[in-house]
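Participant: Going down the list, the sequences are from chains A and B.
Positions 0 to 444 (numbering that gives the first Met the number 0) are the ones given, in order, by the first sequence.
Positions 0 to 75 (numbering that gives the first Met the number 0) are the ones given, in order, by the second sequence.
Just so you know, the hints here were simulated from the structure itself, not pulled from any lab data.
If you're wondering where the values come from, they're calculated on a predicted model, not measured in any experiment.
Check before you lean on any hint, since a few could be wrong.
[Claimed, not checked] Examples of chain B residues toward chain A, derived with CB under 7 Å:
#: 1; residue: G38
#: 2; residue: V42
#: 3; residue: G53
#: 4; residue: E54
#: 5; residue: K57
#: 6; residue: L59
[Said to hold, decoys possible] Short, incomplete list of chain B residues facing chain A, as computed with Cβ under 7 Å:
#: 7; residue: I18
#: 8; residue: E48
#: 9; residue: L49
Backbone N, C-alpha and C fix where the C-beta goes; we use that ideal spot for every residue, glycine too.
Listed below, chain by chain, are the residues.
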Amino acid sequence: MGEALEPHRLDTEATVAAGPDLPGPFAVGRYARKLQEEMRRRARVLLVGEVTGVGRSKVQAYFELRDGEGAVPCAIWLDDLEKAGLPEGALRDGAEIVIAGGPDYYPGGGHASPGFSFRATHVRLAGEGDLLARLETLRKQLRAEGVFELQKKLVRPLLPKTIGVVTAESGAARRDLLAGLERRGWGGTVVWAFAPVQDRHAAPAITAAIQGLAAQPQVEAIVVTRGGGSLADLWAFCDETLCRTVAMLRVPVISAVGHERDSTLIDDVAAVACSTPTHAAEAAVPLDCGAARVDLRRGLAALRRAAEGSVRARTPHLIALARGPARALRRERLALNQKTREIRAASERGLIQRLGFQQRVAGVVLERAARRAAGAEMERRRTALHRAEVALRAHEPEHTLARGYALVEDEDGEPLGDRAAAAAAERVRLRFADGSVGARIEDTD
Amino acid sequence: MSQPPNSYEEAVERLEQIIDRLDSGQAGLRETLDLCREGRDLVTYCSGELDAVGEGLKELRLDELAERLAASGAEG
Chain A
0 MGEALEPHRL
10 DTEATVAAGP
20 DLPGPFAVGR
30 YARKLQEEMR
40 RRARVLLVGE
50 VTGVGRSKVQ
60 AYFELRDGEG
70 AVPCAIWLDD
80 LEKAGLPEGA
90 LRDGAEIVIA
100 GGPDYYPGGG
110 HASPGFSFRA
120 THVRLAGEGD
130 LLARLETLRK
140 QLRAEGVFEL
150 QKKLVRPLLP
160 KTIGVVTAES
170 GAARRDLLAG
180 LERRGWGGTV
190 VWAFAPVQDR
200 HAAPAITAAI
210 QGLAAQPQVE
220 AIVVTRGGGS
230 LADLWAFCDE
240 TLCRTVAMLR
250 VPVISAVGHE
260 RDSTLIDDVA
270 AVACSTPTHA
280 AEAAVPLDCG
290 AARVDLRRGL
300 AALRRAAEGS
310 VRARTPHLIA
320 LARGPARALR
330 RERLALNQKT
340 REIRAASERG
350 LIQRLGFQQR
360 VAGVVLERAA
370 RRAAGAEMER
380 RRTALHRAEV
390 ALRAHEPEHT
400 LARGYALVED
410 EDGEPLGDRA
420 AAAAAERVRL
430 RFADGSVGAR
440 IEDTD
Chain B
0 MSQPPNSYEE
10 AVERLEQIID
20 RLDSGQAGLR
30 ETLDLCREGR
40 DLVTYCSGEL
50 DAVGEGLKEL
60 RLDELAERLA
70 ASGAEG
């Protein structure tokens, strides 16, 4: 476009200061108009996406058309919109539409702001095919991220006491779900979080309802359900934000959206996807309470049988055990009698032997007694001997001399026992304990 | 029962084990009587759980539940 524009004349210094060696500078207003021409020359195409931020001026409607990857500001003249023949209010936030047109640029004016927009000349609501294509893209993306696996890992309680349900307040789904729960024999608490369930517009309300239920600690499972419809009707349940929210919950979500042939993204992301609200009731309360009560009664009966049977089977043994003491006594008594007889027989048999034995024993005993007696006599004698010895020694003259007496002996050593013998001897010897001395008898009167 | 079960499924699983063991005929008298006592406790627990969801379905709106919780929280 630069070729068609003539650069402003500027002095050299200014050109150098403005930047590197590029064409221009051009007058901006003219540049804007050229930009508009360029845009309008670009190929006209069909775009599909979700409408957000719808607004209207006196002459045109404007909105953004967006999907998960980006958005384009769009505008359509009211005349063109009217010609499209859309149902009343169809062009609204959340609607999935297809538009035909091309890029445009409004160069602005003295007081009007410039802006880019995709100028739509035709508009229609998105058909099943358009939605399916978008759905597949999103599905592929979420699957690749592992978003579908998160809820599948949660443990679903067999017998929840409280379940949360997101559905339309007036709808067959609500009634069917309740009927399914009652058929299950389940009489717990259902917490309803009602939300609009039609179109993409409903997605934020459904998301908020699910989050609200998940925030209640007593809610053990959440059912999201609505009846069948076109994919466009069910489109809210393909919302990316809704699906990502469900994936992150710690409470299992059971989806029952549309009929069996319908496949919404929430079915992929939920812990369990069911084809009908009735099936959702069974998934939310996996235990058939009626059957469980019967099973419990059977279990209890089995336990009683086991306990009674176990005792009964052991009764004969127990009775035998109970009779045990009497039988044991009898057995002991018999054994005792037998022993007595044996002992008696043995006694008789061994009498003679025992007599001989006793005689031998008596001989030995007597001998021992004799020996013992002889020993005593000897001792007695020894003692008497000792006593005599002591008495004898007491009478020895040495003992008397030891006490200081003296013995008068003649010169031959013969004792002189009286006065006359001593007078006759004239010379005597006085014998003390420690020796003798000579002496002479002088006075004989 | 050494410890009360944490959930209905846990109780039922244990109950099945008990009945299998009793059916095997391998349990002695003492074990049989102990298992029967434990089994009866489990049946009582399961019955209680079933009774809790056996008094007719109750319906509540989320906002009512939230208000009730808020009120009980304020009282607490």
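Participant: Does G38/B meet its interface restraint, that is, does its C-beta lie within less than 7 Å of any C-beta in chain A?
Facilitator: The hint holds - G38/B has a Cβ within 7 Å of chain A, the shortest such distance being about 4 Å.
Participant: Is the hint on L59/B kept, meaning its closest Cβ partner in chain A is under 7 Å away?
Facilitator: Nearest chain A Cβ about 5 Å off; hint holds.
Participant: Does the nearest C-beta of chain A fall within a distance shorter than 7 Å of the C-beta of G53/B?
Facilitator: With a minimum Cβ separation of about 5 Å from chain A (threshold 7 Å), the hint on G53/B holds.
Participant: Given a cut of 7 Å on the nearest C-beta pair, is the interface hint for I18/B held or broken against chain A?
Facilitator: Holds, about 5 Å.
Participant: Per the CB criterion, is E54/B less than 7 Å away from chain A?
Facilitator: E54/B check passes; min Cβ-Cβ to chain A is 5 Å, inside 7 Å.
Participant: How about K57/B: closest beta carbon in chain A under 7 Å, or not?
Facilitator: holds, 5 Å
Participant: Does V42/B hold up as a contact with chain A if the rule is Cβ-Cβ below 7 Å?
Facilitator: holds, 5 Å
Participant: So, E48/B near chain A? Judge it on the closest CB pair being under 7 Å.
Facilitator: Given a least distance of 6 Å, the restraint on E48/B holds.
Participant: Using 7 Å as the Cβ threshold, decide whether L49/B counts as touching chain A.
Facilitator: holds, 6 Å
Checked against the numbered hints listed earlier, the structure breaks none of them; every hint is satisfied.
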